[in-house]
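Participant: Here is how the chains run, residue by residue.
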Amino acid sequence: MRAVREDVTEHHGAAVDGALSRRLKALACTAPLHDLDARKAKLDWADASVYQMAEIALHTIDQVTVAMDFDTGADHEQIVQRLLPFIAAQAPQRPPAEHERVARWVLDNLINVGSVERGFRHVYGAVGADGSYQRRAFDFKLLVELATPAGEVYLRASDEAINVLVGALDTDVESAQVAAEVKLENLITRGRLAEAKLAAEQARYRTVQYGETLRSMLEATRRDVRTVDWEEAIPQLLDSALEHIESRFRAENAILRNITAARDEADDPDHKKRAAELVEIVSDCITRHTQLQARLQAAGATFRAEQDRQEFSGPARRGGVDLFGQLLVPALGVPVRDAVAPVEEYFTAASGTSVPAAATLPSLVSMLLRPAPEREKVVGEIPDPELTPSDQRGRFTDRHWELADELFTRHEAPRRLSELLEEARAVDDELPLLVALRATHSYGADVATALRQGSGAALLAVDDGTPLRDSRFGGSDLLVAMVALDSGSDGAGEEAEHAVAADAATVAGPE
Amino acid sequence: MGAADAEAAARLIAYGLRPKQVPARDAGYSDLVRRYHADSQFKQLAHAVAAGLGLLVLEVNQQAGAVLAATDESVFEIKMDNYARQSKIRERRETEKVLHGVIHLATAALAFPRPDDLANDTYVGRVSVEQVDSVVREACRILDERAAQADENDDPLSDAPELEQAWRVYARRPAAAATKDGRLAPDTTRGMISRALRFLAEQGFLVHINSDRGGTYRTTPRYQIQVRELAADRAFSELLDLDVVAVADDVGTLRAASSETL
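Order-wise, the sequence lines are chains A and B. Using full-length UniProt numbering, read the first sequence as starting at 1 and increasing by one per residue. Using full-length UniProt numbering, read the second sequence as starting at 1 and increasing by one per residue.
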């Protein structure tokens, strides 16, 4: 493998490497989705194997992308509600509460709740300039949480997610657009509705993308008109967005006419349903295009208004430090290790002074004697719980446990469960049940846990296949021994555990 | 100069240690400021008192009062370690410190976008939590584009996190996160920014106007002096040592826009 790699880099150099890491990154973006399916079996609150988690995740990203409008996306609740029908369809017999939990689990995992950065990291290898192999980290997010000015948190899909979803990795949007249109016309003439629906959805994503870009441009213009290139870049963007709308309007009105007719004429209920779906999507597309067009028309006016408003700035007085260009950007550009000194220096110099509290003896005494501050403002009064003594007593008394311990430790060698039961029966009527239960519990006991908790001894039971003959209990006649644990030699404990774990499961309990 | 003069000089410094007090609202303070400008011996005495306490007089005027800065190891110094104390994990301390420092820098950069604004004594800047975040993210975007143009792989090395550029750390940190009780999560950038702005307001550098855009503040003359006379230069010389700054023209370089998704 290594030889092949070296060969490749020798012949093709950086070009191959660039494409390779681009593909690796594209691959990495799908990893969180696969990971969901891999981990679903480990969920302890439901048997989640019936759910197709990757499908739900893709559907989630779809829903978030569609909800991304000019101003906000959707909040967590809305997304969960929109996911429910899809999840319910996968497992209709399960309770709705579980569906909701699955939706939240998938959503949380796509955001990666629990990590500070709420994102994903994928480590990949690349050949550096000097030809050596380096491990680099690729950080990405799928769903991003943002706050509205009012402080509510809502979701947006990241560029990575949109790219994974639309499947247009590393391709030119414009050309993909043209291709999609040609495809659409063909589809209509051949009557293939499912793919027409897909193409219409893709066009809708593009419109969302245009809207996003325009929104960020206008926001920047409002901050400072000079920060946006209104001479070339923006007119170009406006033109291409207008072209997009124009062509889509034509295409979509045609589709709407054809498909509406198809929907009304279709006899097959399935065809009828799918045509109806397409009509709905296309109508939504047209609404979105109209929205984008309105924004495009207002863009020029925004620019002129902001230009007028921001024109009043005085002439240059004297040179000072350009805080953004000379301090902020360079400080962000250097590695974390180097950035500490400048920002710390800045902070100390810009934070002013603090007056340390100096106490005289009289004030110190009164400070020490001051009653603890009342915390009512924070949590309110904590009600004293009324506790009633529990009625439930254990079935076995302490005496029973002592007797059982004594039975287990009487001999060093492992003993048959049947013998132990006989001996127990001779002492007390209830004792055999406790002995049987403890023996069963110790079958497959976690020796590692006992070691960690610092117990000096653990009860171990091993099944050698002998059936238990007893008047009251059934199952295997286990070999039971109290084993002393030496915390110094971990290996021995683990071996014992493996030996037990390797044995077949058994049933030994009250009949 | 006698004991009474020394007391007056010390009183001026004591006023300076209460950053929210201004001469316009206190006749005694105002008289002392006037005397500081008229009486050069009194001025020297005030500087001497300040130096003895471990303070530096940056400026004394009627708008801002006495603006003081703590010298190294002074009891009045605010240490970044104390400010960024929240971080529990040792290895992350550097990262947290850089994030907090960058936020304070960005607040000043947004309050005074052009070198002019910093120099103009009558300029009043406005900042809000939302804008500070977008300024830093804008800077991150510029650096990201620069990195993309450089056309070499500059994704961080996975086994040397301290060599990762600061902008990547900031860009990766979420702006907001949903919490169970609907408050701002403290380790998101908006949480950190609103803490920084509240801190600056307590220090008499900002005045809270309203809670639009996550909290909007205006600057005080004191803040302008503090940044212009001391903080910017200190940070600038540190960055000069790293050889990463260039001397720029007087237009300012805060720019925005260009596409992200297309």
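In short, the hints are calculated from the structure, not lab data. Just so you know, even glycine gets a beta-carbon here, dropped at the ideal spot from N, CA and C. Careful: at least some of the hints might be erroneous.
[What the hints assert, rightly or not] Just the calculated beta-carbon pair ranges, DEER-fashion:
hint, chain 1, residue 1, chain 2, residue 2, range
1, B, Leu157, A, Ala457, 48 to 56 Å
2, B, Ala48, A, Gln307, 27 to 35 Å
3, A, Arg215, B, Leu163, 48 to 56 Å
4, A, Asp75, B, Asn210, 42 to 50 Å
5, B, Asn82, A, Ser366, 22 to 30 Å
6, A, Glu402, B, Asp81, 26 to 34 Å
7, A, Gln291, B, His208, 48 to 56 Å
8, A, Trp45, B, His208, 29 to 37 Å
9, B, Ala10, A, Val113, 29 to 37 Å
10, A, Ser49, B, Asn210, 48 to 56 Å
11, A, Pro362, B, Asn210, 40 to 48 Å
12, B, Ala48, A, Pro362, 29 to 37 Å
13, B, Arg183, A, Ala254, 16 to 24 Å
[Said to hold, decoys possible] A few chain A residues facing chain B, derived, Cβ under 10 Å:
hint, residue
14, Phe138
15, Leu155
16, Glu344
17, Pro385
18, Leu387
19, Phe396
Participant: Take the C-beta atom of B/Ala48 and the C-beta atom of A/Gln307, compute their distance, and say whether it sits inside 27 to 35 Å.
Facilitator: violated, 52 Å
Participant: Verify the interface restraint on A/Glu344: the C-beta must sit less than 10 Å from at least one C-beta of chain B.
Facilitator: This interface hint holds because 5 Å falls under the 10 Å limit.
Participant: Mind checking the hinted window 42 to 50 Å against the Cβ distance between A/Asp75 and B/Asn210?
Facilitator: Check failed, 24 Å falls outside 42 to 50 Å.
Participant: Per the hint of 29 to 37 Å, is the separation of the Cβ atoms of B/Ala10 and A/Val113 within bounds?
Facilitator: For A/Val113 against B/Ala10, whose Cβ atoms are near 54 Å apart, the range 29 to 37 Å is violated.
Participant: Taking the CB of A/Ser49 and the CB of B/Asn210, does the distance hold inside 48 to 56 Å?
Facilitator: holds, 53 Å
Participant: Could you check if A/Leu387 really has its C-beta closer than 10 Å to a C-beta on chain B?
Facilitator: violated, 28 Å
Participant: With a cut-off of 10 Å, does the beta carbon of A/Phe396 approach a beta carbon of chain B closely enough for the hint to hold?
Facilitator: violated, 42 Å
Participant: Are B/Ala48 and A/Pro362 spaced within 29 to 37 Å by their CB atoms?
Facilitator: Roughly 31 Å apart at Cβ, these two residues keep to the hinted range, so it holds.
Participant: Range hint 48 to 56 Å: satisfied by the CB atoms of A/Arg215 and B/Leu163?
Facilitator: Violated - the Cβ-Cβ distance for A/Arg215 and B/Leu163, about 35 Å, lies outside 48 to 56 Å.
Participant: Should the hint that A/Phe138 touches chain B count as held when the rule is a Cβ pair under 10 Å?
Facilitator: holds, 6 Å
Participant: Taking the CB of B/Asn82 and the CB of A/Ser366, does the distance hold inside 22 to 30 Å?
Facilitator: holds, 26 Å
Participant: Mind checking the hinted window 29 to 37 Å against the Cβ distance between A/Trp45 and B/His208?
Facilitator: violated, 45 Å
Consistency with the previously given hints fails for numbers 2, 3, 4, 6, 7, 8, 9, 13, 17, 18, 19, ordered from lowest to highest.
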